Amino acid sequence: MLALMQNGGGALAQTPNEGTNFLHELLLWLPLPEWIPGWALILGAVGAGVGILVGLVSLIALWSVWMERKVSGHMQCRNGPMYAGGWHGWAQTIADGIKLFQKEDMIPIGADRALFVLSPAIVLASIFGALAALPLSYDWYFARMDLGIFTILAIGSTTTIGVIMAGWASNSKWSLYGAMREAAQVVAYEIPLGIALMVPLITLGTFSLLDASALQSGFFGMGWAIFQNPLCLPAFIIFWIAALAETKRAPFDLPEAESELVAGFLTEFSGIRWSFFFMEEYAAMFLMSAVGAVFFFGGFESPATYALRSAGMEGTIVFSLVCFVTLVLKAFTGVFLMMWLRWTLPRVRIDQVMTMGYKYLTPLALICVLGAAIWEAILHVVLN
Amino acid sequence: MDFQAIADHLSVAQVPGLLSVELPRSPDKETKDKGRSGLPYLCVEPSRIVEFLTFCRDDDALGFEVLVDLTASDPSADDENLWILIQLLSVRHRQRLGIKCLLPKSALSMPSSTKVYRAAQWHERECMEMYGVTFEDHPDPRNMLLPDDWVGYPMRKDYEFPKEYHGISCE
Amino acid sequence: MNSNQLFYGALGLAGAGAMGAGMVAAGGPGLAFGFCAYLTLGGAAVCIWEQSIVRSAFSLMGTFLGVAGLFVLLGSDFLAMAQILIYVGGILALLLFGVMLSPPDNNERSLARVGGTTVMIGAGVAFIVAQISGGVAGWLVADQLPEPNSQARAIGLAFLDPKQYVVAFELAAYLLTVALVAAVYIARRRRADFEPESEAQGGQS
Amino acid sequence: MTSPPQAEHKPSIRPADEARTLPSGEREFFMDVATSDLEVNMGPQHPATHGVMRVLLRTDGELVTGAQPHLGYLHRCAEKIGESVEWLQYLPYTDRYDYLSAMNNNLSYSLAVEALMPELEIPRRGTMIRMICAELNRIASHLVAFGTYGLDIGAFTPFFYAFREREWIQALFEKICGARLTYSYIRIGGVFNDTPPGWLQEVADFCDVFEEKWQEYYDLLIENHIFVQRTANVGVISEEMAYDFGLTGPMLRGSGVDFDLRRDMPYLEYGEAHDAGAFKVPIGTGEKGTVGDCWDRTQVRMVEMMESLGLVRWCLEQIEPGPVIGDVPRVIKVPPGEAYVGIENPRGELGHYMHSDGGKIATRCRVRAPSFVNLAVLEDLMPGTLLADSVAIIGSTDIVIGETDR
Chain Y
1 MLALMQNGGG ALAQTPNEGT NFLHELLLWL PLPEWIPGWA LILGAVGAGV
51 GILVGLVSLI ALWSVWMERK VSGHMQCRNG PMYAGGWHGW AQTIADGIKL
101 FQKEDMIPIG ADRALFVLSP AIVLASIFGA LAALPLSYDW YFARMDLGIF
151 TILAIGSTTT IGVIMAGWAS NSKWSLYGAM REAAQVVAYE IPLGIALMVP
201 LITLGTFSLL DASALQSGFF GMGWAIFQNP LCLPAFIIFW IAALAETKRA
251 PFDLPEAESE LVAGFLTEFS GIRWSFFFME EYAAMFLMSA VGAVFFFGGF
301 ESPATYALRS AGMEGTIVFS LVCFVTLVLK AFTGVFLMMW LRWTLPRVRI
351 DQVMTMGYKY LTPLALICVL GAAIWEAILH VVLN
Chain X
1001 MDFQAIADHL SVAQVPGLLS VELPRSPDKE TKDKGRSGLP YLCVEPSRIV
1051 EFLTFCRDDD ALGFEVLVDL TASDPSADDE NLWILIQLLS VRHRQRLGIK
1101 CLLPKSALSM PSSTKVYRAA QWHERECMEM YGVTFEDHPD PRNMLLPDDW
1151 VGYPMRKDYE FPKEYHGISC E
Chain V
2001 MNSNQLFYGA LGLAGAGAMG AGMVAAGGPG LAFGFCAYLT LGGAAVCIWE
2051 QSIVRSAFSL MGTFLGVAGL FVLLGSDFLA MAQILIYVGG ILALLLFGVM
2101 LSPPDNNERS LARVGGTTVM IGAGVAFIVA QISGGVAGWL VADQLPEPNS
2151 QARAIGLAFL DPKQYVVAFE LAAYLLTVAL VAAVYIARRR RADFEPESEA
2201 QGGQS
Chain L
3001 MTSPPQAEHK PSIRPADEAR TLPSGEREFF MDVATSDLEV NMGPQHPATH
3051 GVMRVLLRTD GELVTGAQPH LGYLHRCAEK IGESVEWLQY LPYTDRYDYL
3101 SAMNNNLSYS LAVEALMPEL EIPRRGTMIR MICAELNRIA SHLVAFGTYG
3151 LDIGAFTPFF YAFREREWIQ ALFEKICGAR LTYSYIRIGG VFNDTPPGWL
3201 QEVADFCDVF EEKWQEYYDL LIENHIFVQR TANVGVISEE MAYDFGLTGP
3251 MLRGSGVDFD LRRDMPYLEY GEAHDAGAFK VPIGTGEKGT VGDCWDRTQV
3301 RMVEMMESLG LVRWCLEQIE PGPVIGDVPR VIKVPPGEAY VGIENPRGEL
3351 GHYMHSDGGK IATRCRVRAP SFVNLAVLED LMPGTLLADS VAIIGSTDIV
3401 IGETDR
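These protein sequences, in sequence, are chains Y, X, V and L. Just so it is clear: in the first sequence, position 370 is 370 by this note's numbering, and no numbers are missing. Heads up: take any position in the second sequence, counting from 1, add 1000, and you land on this note's numbering. Heads up: take any position in the third sequence, counting from 1, add 2000, and you land on this note's numbering. Heads up: take any position in the fourth sequence, counting from 1, add 3000, and you land on this note's numbering.
Since the hints were made in silico from the structure, they are not lab data. No experiment lies behind these values; they were computed from the predicted model shown. Even glycine gets a Cβ: it sits at the ideal position worked out from N, Cα and C. You may find that some hints are simply not true.
Okay, derived cross-link-like pairs now, DSSO-like style, lysine-lysine, Cα gap no bigger than 30 angstroms in a straight line [what the hints assert, rightly or not]:
1. L/3080 x X/1157
2. L/3213 x X/1029
3. X/1163 x L/3080
4. X/1029 x L/3175
5. L/3213 x X/1034
6. L/3333 x L/3288
7. X/1100 x L/3360
8. L/3360 x X/1163
9. Y/359 x L/3288
10. X/1032 x L/3280
11. X/1105 x L/3080
12. L/3175 x X/1034
13. X/1157 x L/3333
14. L/3360 x Y/70
15. L/3333 x X/1105
16. L/3333 x X/1100
17. X/1105 x L/3213
18. L/3333 x X/1032
19. X/1100 x L/3213
20. L/3288 x X/1034
21. L/3360 x X/1157
Here are the computed distance ranges between Cβ atoms for each label pair [said to hold, decoys possible]:
22. X/1165 x Y/103: 30 to 40 angstroms
23. L/3209 x X/1170: 44 to 54 angstroms
24. Y/380 x V/2020: 46 to 56 angstroms
25. Y/98 x L/3197: 19 to 29 angstroms
26. Y/270 x V/2016: 29 to 39 angstroms
Simulated coverage check for chain X against chain L, where a stretch passes if three residues somewhere in it have a Cβ under 8 angstroms from a Cβ of chain L [unchecked claim]:
27. 1004-1016
28. 1165-1171
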């Protein structure tokens, strides 16, 4: 429902004159009977969008889980899964998914059943909503949003509520600890995350992911924000640390800290409900990496898109595809980086997390913003 | 110091509680002594054990900082005494000392050594549950390894195994 | 059938009614409006009804999201996203943080539950029924939704324009900073410098 | 809240309304906000307790205000069994207490029994093989300690690296005795059989490879900034406290006490090895924090691995052909007497007090388990730390529950 509402908002936000939803366009283009009202088309577009999103999240999760296992395996001198499906265990996650579906749906006796059932839904809905704001290419998007990054951050932040709900509803003390840590950590790291993102926002001057990407097309597709403003590099590092904390990845996986809190808020979850949290985690990793890629590393822009554009292929499906592949590659580079860090670093302590968030990252991010603003002022006001 | 020097030092200092010195000896047919192999130890009066240990710990020449082990032993079901065995270690002087206290099975009670060495706390708890020795003034006299409702003292030679435990047959 | 089931049944019916009425009145946007309004009011109703204070707090999420949805419908997506970011991601998380750790006290809440909720829900249902039975002609129906335009630029300029709200904006920032520092000071653990470290490591022998 | 039946006695859990000491050493008092502490059972099934141990924690938020270990979930009556089976039959049971260093357990038991048998002579080759096995097993045990401590702190990968090397050692042991974990190889009177051909060369190869790998592990985990932040100044055991609680082994050395039974009360040929400069005794220096903190203990274990490697190499140089086991009858009869022998196990002093009345069965078989003694310090160490610190502290004691409960 949440995803529907979000998408409804997005779909409703369409204006006929500019950049409508391509799904909606598709439905309009189809030879449908006349009596179907316009709102049904919108709902249909929304439904199709939700379907694509679910597929996307599942695909990301499937791929990421397999990737995580292979990456961790090779980092740990193992092979990781090798049998399921034949080639390097590519079907391992699918097999696991089938297994998880078949598992008994367990709800602890003392648990708050309603909230226990609701929490994975909220977590998943929030990541759907946030991913809906992510354009996949210049003309592949669910909703053209001027406030894309703001939307992603806002809707992504509702994940916290789902996690807290999961922790509380489990009626387990370890889960409660996980929920408390999640609440404290996310509230602390949303601030530096948002502020660090202000640096590329100032550099590029837009909230929109599409515009941000387009603005980085200079220098043979390498006019990335990180090359445009020297403050973007420290800002990216801050953003990245905060993104790790937001996505609950090591070294900030305190909410589920398996050696301290058993599994934190996930302790009592099993089967498909548990896998929903897992899907959320991987989708969030992808989302954060994609946001980082869009705002710091050129988004859809790369020498490849530059070459295509020079060849006059802009607007073709090939161009869209190349843009899509570029973004996905960049995002998965980020996902790989997250995995690399996870399998290398020990976990930090909760007070160190808080100290780092409030005492170091937030002021540093503010300084970065100030520096970026001064840089832009010098570049555009003084030198002009 | 070797063992003999330690024993001499203790007897010269007239430490309270020191009863005798037990050395290994070869068998003797005449006295029907089967002999004794192994390591030497001191016999100490159980009621004076706290003073004795305090001296061993605080004396500069002895300097037994560490209580390595404290345990009991039931030599046989017929024996009227239970042994309390204490092993001390001096890190400073690189020496060990074995102490034995004989406790009559009719009155299994002796002062707790916890005030001298806190290491004794868990060892004494184990002794209490396994042998039924009461250590007076022990700060935390709960069962250590056995369940709280365990009946009997399993390490005693006259211990009879229970037929069942919480409805579970043990036979 | 206990009162809880009755309540949630009525709530579900009200939701269906609200969305249905919205759709009949104004099609897709009406449906969306009905849903958002239902989320807002339903969350509030659950918040009052629920005995568990944590559930009450969670139900506020519906209210906040519903309000955000209404903002979207009114063409103000910046406000909507700010609403979600601040209220759901920030305030609600902190609220839950506090509420989860507080002991449950059901007696205090039962009064509100019996009195307030029943009256409120009853009045709401009666109002809706009256409206529907009286025909929807009396409702104000917008023929077209306002175009969504992110006022981010306008808001930003208004805040930083010396002729508009820059003074108020800066004052609010100072006020919040002072409030933050004060909150930290109040919440801080007090340290007593007497009582030396004698038994700190010694423990209980 | 699960309330254990013995809930009346809680000496180590301090009353909630009392002032307490923060990790920073500050004293703090409560505000007038009414809060209650949360009692959490860490265990019996918990990843951080390394087995089935239960620690009853009282927590105020993330701050641990009281801790009480509960043992006995893995109690297998080893001492009672020792009084029921023959001398040699008991040997396999010794493998089971500290299953990570079974060779050392065998050795401790054998030495205790041998102390009661003055006529028994152990051939020098047997002694050398004993030393090689004991030191290799020490390396294997410390590798597990290092790996699992990484897990406790949240780093996964070192665990796999550690287990890779440990696997090699286990393969070596498998070649020598057929078992990978419970060896029963070191016997009363020597070792069970001679080394298979080429085995000593394989050990030498292992030493060469391990030396390189060791540096990797040290850089990867021990010098890692987050790891240092997590372990330095956490769980500080002062020298006095270490003495008071009877700590031994790396726990004692981590507190800056220069004491190692292998050097200071030599058994086997350790004295000779030390005189030849084969090993040194690492002690905690407080390099990253305070002397006796978790980092020191971990670092001591790490350095000990290298020292053990030196010992193995020394033994490989010294070893000569010859018999490996003394003249031991099939059914051993031990002369009457009693002896306590403690040796330097990876976790501390593993002592066996054996009492014989001259028969085929021991009258008393006492196991002084280092983990059991080292664990007692938790009650004092954990209050005042954060939950994550308490996990770090449990990990740094490097306990094996099989040994605490025996």
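- prompt: When you take the CB atoms of residue 270 of chain Y and residue 2016 of chain V, is the distance between them in 29 to 39 angstroms?
  reply: holds (33 angstroms)
query: Quick check: the segment 1004-1016 of chain X, covered by chain L? Criterion 3+ residues, Cβ under 8 angstroms.
result: violated (count 0)
message: Run the distance test for residue 3175 of chain L versus residue 1034 of chain X: straight-line Cα separation, threshold 30 angstroms.
response: Between residue 3175 of chain L and residue 1034 of chain X the Cα gap is close to 43 angstroms, so the pair fails against 30 angstroms, i.e. violated.
query: Does residue 3213 of chain L lie within 30 angstroms of residue 1100 of chain X when you go C-alpha to C-alpha?
result: violated (48 angstroms)
task: Mind checking the alpha carbons of residue 1029 of chain X and residue 3175 of chain L for me, to see if they're no more than 30 angstroms apart?
output: Since the Cα atoms of residue 1029 of chain X and residue 3175 of chain L sit roughly 48 angstroms apart, the hinted pair is violated (cutoff 30 angstroms).
- request: Kindly confirm whether 19 to 29 angstroms is satisfied by the beta carbon distance between residue 98 of chain Y and residue 3197 of chain L.
  value: Distance hint for residue 98 of chain Y, residue 3197 of chain L is violated at roughly 51 angstroms.
Holds or violated: residue 1157 of chain X to residue 3333 of chain L, with C-alpha atoms at most 30 angstroms apart: holds (20 angstroms)
Residue 3333 of chain L paired with residue 3288 of chain L [C-alpha distance capped at 30 angstroms]: The hint is violated at about 53 angstroms.
- request: Starting from residue 3213 of chain L, check that the Cα of residue 1029 of chain X is at most 30 angstroms away, please.
  value: Measuring from Cα to Cα gives roughly 61 angstroms; hence the hint is violated.
- prompt: Holds or violated: are the alpha carbons of residue 1100 of chain X and residue 3360 of chain L at most 30 angstroms from each other?
  reply: OK: residue 1100 of chain X and residue 3360 of chain L at ~24 angstroms, within 30 angstroms.
message: I want to verify a distance hint. Is the separation of the beta carbons of residue 3209 of chain L and residue 1170 of chain X within 44 to 54 angstroms?
response: Because 50 angstroms falls inside the window, the suggested range holds.
- prompt: Taking 46 to 56 angstroms as the hint, is the beta-carbon distance of residue 380 of chain Y and residue 2020 of chain V inside that range?
  reply: For residue 380 of chain Y and residue 2020 of chain V the Cβ distance comes to about 54 angstroms; the hint holds.
Consistency with the previously given hints fails for numbers 2, 4, 5, 6, 10, 12, 14, 17, 19, 20, 25, 27, 28, ordered from lowest to highest.
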